[in-house]
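Peer 1: Go by the hints and put chain B onto chain A.
Top to bottom, those sequences are chains A and B.
Under numbering that gives the first Met the number 0, the first residue of the first sequence is numbered 0, with each subsequent residue one higher.
Under numbering that gives the first Met the number 0, the first residue of the second sequence is numbered 0, with each subsequent residue one higher.
Hints are computed from structural coordinates only; laboratory data are not their basis.
Virtual Cβ for every residue (Gly too), placed ideally from N, Cα, C.
Warning: the hint list may mix true and false statements.
Unchecked claim - If we take Cβ atoms under 8 Å as the criterion, some of the chain B residues that face chain A in the derived model are:
hint: 1; residue: Leu28
hint: 2; residue: Ser33
hint: 3; residue: Ser34
hint: 4; residue: Val41
hint: 5; residue: Ile48
hint: 6; residue: Leu65
hint: 7; residue: Ser66
hint: 8; residue: Tyr70
hint: 9; residue: Ile118
hint: 10; residue: Ala123
hint: 11; residue: Ile212
hint: 12; residue: Val213
hint: 13; residue: Thr216
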Amino acid sequence: MPQLNPEFFVSQLFWLVVTFSFLLFFLWKISLPRISKVLEKRQNIISNDIETAKKLQTEAEQIQNEIDRQLTSARDQASNIIKKSNLKLKNTFAKELSKIDNDLSKKIDETSVIIENNKKDSLNKISNQILEITKLITAKLSSVSFNDKEIKASITKAQSGPIN
Amino acid sequence: MSSSETKHSPLEQFEIIPLIDIKSGNLDLSVTNSSISMIITVVIITLFITFSVNTRAIVPSRLQLLSELSYDFIAQLLKDTVGNEGRKYFPFVFTIFMFVLIGNMVGMIPYSFTFTSHIIVTFALAAVVFIGVTILGFIKHGFHYFSLFIIPGLPWYMLPLLIPIEVISYLSRPISLSVRLFANMLAGHTLLKVFAGFVVSLGFAGFLPLAFIVALTGLEILIAFLQAYVFAILTCLYINDALHLH
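Just chain A, with the same shape it has in the complex:
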């Protein structure tokens, strides 16, 4: 087996030491720091990005909350305004209505007073005319003359009670 032939042991060991030490030194001092720097840089960028994303997210949430709050307050205000104007309208409506009612009833009262007066006048006139007619009739039919008072009394009697 060539492996057990010591002829080239020294040469192999020598070249192993040379190549291995060169590789160790080269990787240690040059290559590995490069890789670790790249990895570190990437890790930093990633964690920075994550941090920024988190910050932005919180900001967005805050803005969202603010919008929600403003929306709610706007809605509240709007419903308040609607309520107020409703109330105002109702009040105005009721006021106007009662005013019209008052006017109307006043007019009705006035008119009924006029009507009542007219009725009284007419009644008076009618009874006077009845009196005149009665006087005329009695004067034509008999010589007995009645004074106004007696006639009036008999008319009232005839009007109120049944004729006996």
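Peer 2: Frame of chain A; chain B shown alone:
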């Protein structure tokens, strides 16, 4: 072994061929196919790891992602087994992992040489881990490091039996670590070569072993990764033992 014997031996692929003779005193430091393979491995790793992250892109390209994934893979492994104190040893564990992994993978290329199939190489790597971890343990804990051999919660009369067992298991760490990688690579590549021989010798029926070789190559690539992973994770576990004892 004579050259006529090794001509068609499945072990021929493990033969070391000197390419450029270099002698320093009595030492033979020749550039061989093994050292070429090591150099290719190191060049691939350095070029890949260095140039894939050249742009230092925040959104990585595929190549950059690949080297970042291997970085993360070992970093996570070290963190899971050792914890945060293990960060100091990350370059070492990463180098071990990449060196063994790419060494195994380069060996999977046909006609290339697999340096991890040589016991001297794997043993040297394991010895570096073993000696390093032992020194680390003594620096960290002083003589208290010997308490690694005492399993806590055990009755005292068991100690004479168990301390030698623990010492032996500690000392056999580099052997098991190196032999595991070496034997896996040796067996896999030998098996591939044996079946490749069948393809030729069976003639028309050779497509059967050929299909087997295709499947086996997939398995070997898996083993190449798995052995690198095992080597790295055991290194992590030994570092953990040295740092935290029990």
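Peer 1: Determine which of the earlier numbered hints do not hold for this structure and return their numbers in increasing order.
Peer 2: 6, 11, 12 and 13
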